[in-house]
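If you read the sequences in order, they're chains S and Z. Numbering-wise, this note's numbering puts 258 at position 219 of the first sequence, and it's gapless, one number per residue. Numbering-wise, this note's numbering puts 237 at position 199 of the second sequence, and it's gapless, one number per residue.
What the hints contain is simulated information worked out from the structure, not anything from laboratory work. Careful: at least some of the hints might be erroneous.
Each pair of labels, with its calculated beta carbon distance range [to be verified]:
id, chain 1, residue 1, chain 2, residue 2, range
1, Z, F79, S, K89, 52 to 58 Å
2, S, K89, Z, M449, 52 to 58 Å
3, S, T352, Z, V63, 34 to 40 Å
4, S, N207, Z, G254, 20 to 26 Å
5, Z, M449, S, K308, 34 to 40 Å
6, Z, R100, S, F166, 45 to 51 Å
7, Z, D368, S, A84, 51 to 57 Å
8, S, E334, Z, N348, 56 to 62 Å
9, Z, Q456, S, K308, 23 to 29 Å
10, S, A235, Z, R100, 28 to 34 Å
11, Z, E448, S, I256, 23 to 29 Å
12, Z, N348, S, A235, 48 to 54 Å
13, Z, D368, S, E334, 41 to 47 Å
14, Z, S440, S, E334, 56 to 62 Å
Straight-line C-alpha distance at most 27 Å; calculated BS3-like pairs for lysine-lysine [unchecked claim]:
id, chain 1, residue 1, chain 2, residue 2
15, S, K253, Z, K411
16, Z, K411, Z, K426
17, S, K253, S, K308
18, Z, K454, S, K308
19, Z, K209, Z, K465
20, Z, K454, S, K307
21, S, K378, S, K308
Where is the CB? At the ideal position from N, CA and C, for every residue including glycine.
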Amino acid sequence: MTDIQHMNMIQAINSAMDVMMERDPTVVVMGEDVGFFGGVFRATAGLQQKYGKNRVFDTPITECGIIGVAVGMGAYGLRPVPEIQFADYIYPALDQLVSEAARLRYRSAGEFIAPMTVRSPFGGGIFGGQTHSQSPEGIFTHCSGIKTVIPSTPYDAKGLLIAAIEDNDPTIFFEPKRIYNGPFDGEYDTPATSWAGHRDAQVPTGYYRIPLGKARIARAGEALTILCYGTMVHVVEHTVAMLGLDAEIVDLRSLVPLDIETIEASVKKTGRCLIVHEATRTSGFGAELLAQVQERCFHHLEAPIERVTGFDTPYPHSLEWAYFPGPVRIREAINKIMKD
Amino acid sequence: MTDPHVSAGLQGESGRNLPPLRLHVPEPPARPGESADFTHFDIPAADAAPRPDETAQPATMRDMAYGLVRVLDEDGAAVGQWNPNLPPETLLRMLRAMALTRAFDARMFRAQRQGKTSFYMKSTGEEAVSIGAALALHRDDMCFPSYRQQGILIARDWPIIDMMNQIYSNKGDRLKGRQLPIMYSAREAGFFSISGNLTTQYPQAVGWAMASAARGDTRIAATWCGEGSTAEGDFHSACTFASVYRAPVIMNIVNNQWAISSFSGFAGAEATTFAARAVGYGIAGLRVDGNDVLAVYAATRWAADRARANAGPTLIEHFTYRVEGHSTSDDPTAYRSAEESSLWPLGDPIARLKQHCIGLGIWDEDRHAAMDKELAETVRDAAREAEKNGILGHGLHHPMESMFEDVFEEMPWHLKEQQQQMLDEWKAAGL
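Turn these sequences into a full structure, and let the hints guide you.
Structure below.
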């Protein structure tokens, strides 16, 4: 029987890489500051000391180069886990991700694959300003051939990261950095909480995986379905608890592949749907969710589907809490959906 | 009202006694209708270039990035320190591979003009760059080519009918008709899937080489890009990685003077050589006569030996000339002097090796003519065979539902749903 330990999300992510490096000698970890120092968020701490510099190494500051090199390593037969230090820095690597990693299996009819997992902290709520707060998941879900995974708890982070590393397709693994050290309920002016005592911070020390494409019912309920992921799961849980509402909260966990069966069953049961994400609204993943729910559940809907998202502006530093889709905005949207 | 952003950009503070700034926009030496002139080219004698030790420190051999490694002199004799002294069978193998590449190009270009496919790119005049390198590498060294290195596959004896099936996107195409013609992939030939996006293969080759080194393997990687795309960020990322980790990789720049209609000046050729990019990265840099297959062979061999000795990467500029258009989609007479290719001072790579072989007494005009005839028949017969599998747009392609395969290892529900929807729509339309 595998041991269970308390872990915050950083420790769970570190444990996932540790477990996979132990099991599979082709797994390599690379990125800016990930080696000796162990990463700016400490996610790779101790890995270089344990597995050596040939498997865990610092890279030059060129995201295009990091991902391009990872594509070549994948073609050789390795299983790279590159870190992009902040999701906001991923854009220089877009060509290598979108046109290369994501298309390699298809264009070579399976001769070459890119079995890489790109880890990157994303999202706001840490006063990171516009270049340390973005949520660019919609760019990747729009692109064929790449998977996008976003955990919301330490337990999920480890199980999903192991599944992503084992997956033979390229996967973007966005880590909600606001909840690395503790769940965040959206009440920005109250003291931060840690993962201590949280049910989902009890994490097996050994190997386990959570399949990609399976959502989690974070709270079962009858009144309303709320689709969300990452930090927003905790903000939604808190808001629903405050309202005393019997909502069903679906933590998507993976956007591509998407667990459409769980979404469809939930909305058909409740007849109402709210979508919450931190990313900008226009062409955000919420638009796709809204279309999917409308196509499949139209005759079960008792109210228009609502979205609460980041605004279509850059992430403003001083006005972070006006931008962030917090409890105030979520409550207003719920009231609108529930009023009929 | 004047836009304040514009007016601020158009006029600085008045009253300064300074000359107006000028923007330099490069212009090629000759445009259509003008005379080409290559007399300003500094072409060193064939035996002029010294040959450093394969493990020489880059800082001790910077001159190599500004000189020109040559072996074949004006009379076709192999001279100097870089002469690889190849046996006759290797010389004749090189000659045949270059001639086959040219014959293949001629046939496939014509097939495109006949409407049998959408696109083709010839490598005329640049055959030595691919074939000299391919024969200097080990068969299991990994190549990350750009789109004009078909000669590598031919030098590695890859079946030309397989290449033609890809060009025709027919049912025999292993890539299932998904890629633009000539974007081959041949894992068994150590030939990476070609991308249409430029120089993406550069960091990939460096990554492959780093993996090989990290695993204690003995295989090295080689990659190619054009001089125009050395401007891409990927090129510079790759050079940085290659330098930092001393990756066992050979990075080739095929300087054929033209990037579609943009002459090499738009990639920086007015300021320095492309081999000189190596200097800033602390990488060994060689500048080579790309129309001299023996020089290409010798330089590649030097770089391969260097990589295998853990002495680091090499950047090689192959100085050559793109005799034909960029592809079947452009007409070079619209942007450059028609005289250029005939006046190119470094000659034709096939003619030069032929002259060398005749001089050695191992070849003659009659045998050369017979070989050309035989190769033309070989490609004609292969094309006829390939055409039995279909040509583009004539129905003999892979089934339409195959378009959804290989996006992921396992097809997710949304692709299955779209696949079924497509089939249902065609069925409903009676097709």
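The hints, checked one at a time:
{"no.": "1", "hint": "Z:F79 to S:K89: 52 to 58 Å", "verdict": "57 Å, holds"}
{"no.": "2", "hint": "S:K89 to Z:M449: 52 to 58 Å", "verdict": "37 Å, violated"}
{"no.": "3", "hint": "S:T352 to Z:V63: 34 to 40 Å", "verdict": "37 Å, holds"}
{"no.": "4", "hint": "S:N207 to Z:G254: 20 to 26 Å", "verdict": "24 Å, holds"}
{"no.": "5", "hint": "Z:M449 to S:K308: 34 to 40 Å", "verdict": "28 Å, violated"}
{"no.": "6", "hint": "Z:R100 to S:F166: 45 to 51 Å", "verdict": "48 Å, holds"}
{"no.": "7", "hint": "Z:D368 to S:A84: 51 to 57 Å", "verdict": "54 Å, holds"}
{"no.": "8", "hint": "S:E334 to Z:N348: 56 to 62 Å", "verdict": "58 Å, holds"}
{"no.": "9", "hint": "Z:Q456 to S:K308: 23 to 29 Å", "verdict": "26 Å, holds"}
{"no.": "10", "hint": "S:A235 to Z:R100: 28 to 34 Å", "verdict": "60 Å, violated"}
{"no.": "11", "hint": "Z:E448 to S:I256: 23 to 29 Å", "verdict": "24 Å, holds"}
{"no.": "12", "hint": "Z:N348 to S:A235: 48 to 54 Å", "verdict": "50 Å, holds"}
{"no.": "13", "hint": "Z:D368 to S:E334: 41 to 47 Å", "verdict": "44 Å, holds"}
{"no.": "14", "hint": "Z:S440 to S:E334: 56 to 62 Å", "verdict": "26 Å, violated"}
{"no.": "15", "hint": "S:K253 to Z:K411", "verdict": "63 Å, violated"}
{"no.": "16", "hint": "Z:K411 to Z:K426", "verdict": "23 Å, holds"}
{"no.": "17", "hint": "S:K253 to S:K308", "verdict": "19 Å, holds"}
{"no.": "18", "hint": "Z:K454 to S:K308", "verdict": "25 Å, holds"}
{"no.": "19", "hint": "Z:K209 to Z:K465", "verdict": "22 Å, holds"}
{"no.": "20", "hint": "Z:K454 to S:K307", "verdict": "22 Å, holds"}
{"no.": "21", "hint": "S:K378 to S:K308", "verdict": "18 Å, holds"}
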